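Single-letter residue listing:
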Amino acid sequence: DAKTTQPNSMESNEEEPVHLPCNHSTISGTDYIHWYRQLPSQGPEYVIHGLTSNVNNRMASLAIAEDRKSSTLILHRATLRDAAVYYCILRDGLKGAQKLVFGQGTRLTINP
Amino acid sequence: EPEVTQTPSHQVTQMGQEVILRCVPISNHLYFYWYRQILGQKVEFLVSFYNNEISEKSEIFDDQFSVERPDGSNFTLKIRSTKLEDSAMYFCASSERPWAQEGYTFGSGTRLTVV
Chain R
657 DAKTTQPNSM
667 ESNEEEPVHL
677 PCNHSTISGT
687 DYIHWYRQLP
697 SQGPEYVIHG
707 LTSNVNNRMA
717 SLAIAEDRKS
727 STLILHRATL
737 RDAAVYYCIL
747 RDGLKGAQKL
757 VFGQGTRLTI
767 NP
Chain F
2 EPEVTQTPSH
12 QVTQMGQEVI
22 LRCVPISNHL
32 YFYWYRQILG
42 QKVEFLVSFY
52 NNEISEKSEI
62 FDDQFSVERP
72 DGSNFTLKIR
82 STKLEDSAMY
92 FCASSERPWA
102 QEGYTFGSGT
112 RLTVV
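Quick note, the sequences are listed as chains R and F, same order.
Residue numbering for the first sequence follows my numbering, beginning at 657 and increasing consecutively.
Residue numbering for the second sequence follows my numbering, beginning at 2 and increasing consecutively.
Here chain R stands alone, though its shape is the one from the complex:
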């Protein structure tokens, strides 16, 4: 499975944008880039996913590099409720049911 690399932790201030990076230099052409987050004492929560084009939804935006070897999850205006561990995960679009492989993720701290 292609691997992802994320910083262990990041810190930001409330109401400011947050850019969470993810490197996936061995990504294959059929891999989708998924982001999940895990709030304290909660299960993982799906945030967003994309293949090649940038994506927006009500939670966040996903910016994907042209060579697809990296991506950035963007929280446009962070709140205290966005403090969580954020996971960048690759999923092969050619496979059916497949497990999610979680790494250590990035622990995001939001300062008031």
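It is worth saying that the hints were derived from the structure and are not from the lab.
Keep in mind that this is a model prediction, so the values were computed, not measured.
A couple of the hints might just be wrong.
With the C-beta cut set under 8 Å, the calculated list includes, among others, these residues of chain F facing chain R [as the list claims (entries may be wrong)]:
id : residue
1  : Glu-57
2  : Phe-92
3  : Tyr-105
4  : Gly-108
Just so you know, even glycine gets a beta-carbon here, dropped at the ideal spot from N, CA and C.
Since chain R is already given, all that's left is putting chain F on it; use the hints.
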């Protein structure tokens, strides 16, 4: 918004006892999963389930573990003889389709403490 519901939220059991963790997936979802997270560690895949059979299981999912969908709504994880190292958060997840174009919905988890 539809939710995956897990019960109980916290279970304490004695070593060697059997436990059953229960999950109610989202009603129109067909694919079901169990994951676990030992305190301070990564979220780990245990098993995936579709059409009343296991699709994939990890090395963790040994003969002590079993899964079942006893009726149209529940999805259960049974640990036959619990060990201290089974203490963890157990998360159930479901998805309508298994494709990489969709995300999974996770429950809030059951904290299992084996004493």
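Verification of the hints:
no., hint, result
1, Glu-57, "holds, 6 Å"
2, Phe-92, "holds, 4 Å"
3, Tyr-105, "holds, 6 Å"
4, Gly-108, "holds, 5 Å"
Checked against the numbered hints given earlier, the structure satisfies every one of them.
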